[in-house]
Amino acid sequence: MNASEVRLGAPAKMSGGAIQENWAFDALIVDGPYAGTLGLVLRTDAPSGVSLSRSRAEEHALLTAAFAAGVTVPEPLAVDPEGSVIGKPSYLMRRASGNANPRTLARDPALDPHRSAITETLGHELARIHTIHPPRPDLDFLGSDMSPPAHRRIAEFLEQLDALPHPYPVIEWAVRWLERNAPTRPASVLGHGDFRCGNLMVDATESPQVTAVLDWEFASWSDPLEDIGWLCARCWRFGADARTVGGIGEFDDFRRGYEAETGRTLDWAELPYWEVLATVRWAIIALHQGERHLSGREFSMELALTARKAAEMEYDLLAQIRSIDEAA
Amino acid sequence: MLDRPDRLDLLKAAEATLNDEVLPTLDGSAKYAALMVASAIAMARREIEAGHEPARRVLDAFAEFYGQDNVHRAGSDAVQRAQGLMGDLAREIRDGDYDDALLGPVYEVLRILVVERLKQSNPRFLEAREYSQPSRC
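Taken in order, these protein sequences are the chains called G and D.
Just so you know, my numbering puts 256 at position 256 of the first sequence, and the rest follows in order with no gaps.
Just so you know, my numbering puts 413 at position 85 of the second sequence, and the rest follows in order with no gaps.
Because the hints were derived from the structure by calculation, they are not lab data.
Please read all numbers here as calculations on a predicted model, not as lab measurements.
Treat the hints with care, since some could be wrong.
Stated by the list, open to error - Cut-off 20 Å, straight-line C-alpha distance, at most; resulting in silico cross-link-like pairs (EDC-like, lysine to aspartate or glutamate): (1) 88(G) to 108(G); (2) 340(D) to 45(G); (3) 359(D) to 45(G); (4) 359(D) to 343(D); (5) 447(D) to 348(D); (6) 359(D) to 348(D).
Unchecked claim - Label-pair ranges, simulated between beta-carbon atoms: (7) 162(G) to 374(D): 45 to 51 Å; (8) 342(D) to 68(G): 53 to 59 Å; (9) 135(G) to 380(D): 55 to 61 Å.
We put the CB at the ideal spot given by N, CA and C, even for glycine.
With the sequences and hints as input, model every part of the structure.
If you want it as structure tokens, here you go:
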């Protein structure tokens, strides 16, 4: 901080996160470049957190890369990968204003006059993430496999299906269709991996805006359309079904923002393919969430109900693939 | 059943009490939890009401698809046999047996498999393709 004195306020644990903990606190910095009151968040592992996802140090590296690329993320300030400060790995970032509750972004009528602008901004945000290209030594933990992302996902899906105790023929069928129609372009950009309502922080006061893109733990080298398919798939609209961009807004607004930022277009005709892939991915995740409940490791009404949502995704898959086939 | 009211009577009473008396008094996270409970009770109630019918309809669809002589539908273990056939079908799909006609006759069996599950878990999805709420994820 380059200050002679920093006074820390009392930390308060923020809600959410079974695997990570977030602690909010203020720091009064008496002088130097950061002089003033800084709203901060310390992110660390939860005591019971068994994480197969990114480490805190890797998250910090992703956040640093995204911040440098101009993505609206909380500015990362310091990282302690070994846990020498508080006894477990952590990193410190600025605290963003607003909330990430999907119901605010998808359902709050107060946002309606601003939806077009917010959706265009999301196009800019995602496009900036997609300006991060391999190779990046600072992101070497993402690996060097640049094989076509759809092929990699399909291999993961089959493995995850095999780990379930019951057969799911509709999902098998959709995966088979994905396999036979997979784009063969290699991975070319950083994919966020979970860019949707719930991970987008919005300040809904006065002139509403996106204040932070959160949850970078699923980031990977991918195809730009994978993130957009995940954002636009019908299963992620939180009841605001008519707004095709994640329940938030209209596709044309998103596209305008995305293309203005990158100065180029994508093969948008391929988007329905990636929406199918997104729906399969969420269906399999939902089934695995149910298994977490059933195994007794994480007894939860919500996880149990999530598994029963898989049938909704499966019904959508039948309709999505049929309509792609009929259009072809 | 050895006693009355039976499990369906009890579930219906629980569902009505929750919806009519408890839910209106709640808000915030308690309301969210109660909505989830109401949704779980409704699913369980519909499953009990449907009895063996869903499994039987799935077996009928398989019989139509694989041939009447190849699917045994009699007996009480309909669910188990339906699951066995679902496993067979899943394997055949993965092996590429239907690659030439993914939208051919196999599509109708798959549709019935999902419809019979949705009738229990979220009938509204069949009417309006409306995803269940609440969901926080």
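Taking the hints in turn, this is what the structure says about them:
1. Restraint check: the Cα-Cα separation between residue 88(G) and residue 108(G) comes to about 38 Å, which exceeds 20 Å; the hinted pair is violated.
2. Simply put, residue 340(D) and residue 45(G) have alpha-carbon atoms about 43 Å apart, too far for the 20 Å limit, and the pair is violated.
3. Between residue 359(D) and residue 45(G) the alpha-carbon distance is near 29 Å, which puts this suggested pair outside the 20 Å criterion.
4. Using a Cα cut-off of 20 Å, the hinted pair residue 359(D) and residue 343(D) holds, with the two alpha carbons roughly 14 Å apart.
5. The hinted pair formed by residue 447(D) and residue 348(D) fails the criterion: a straight-line CA distance of about 23 Å is larger than 20 Å.
6. Taking the CA atoms of residue 359(D) and residue 348(D), the gap is about 13 Å. The hint holds against a cut of 20 Å.
7. About 30 Å separates the C-beta atoms of residue 162(G) and residue 374(D), a value inconsistent with the hinted range of 45 to 51 Å.
8. Between residue 342(D) and residue 68(G) the beta carbons are some 55 Å apart, a value that agrees with the proposed interval 53 to 59 Å.
9. The hinted window of 55 to 61 Å between residue 135(G) and residue 380(D) holds, with their beta carbons roughly 59 Å apart.
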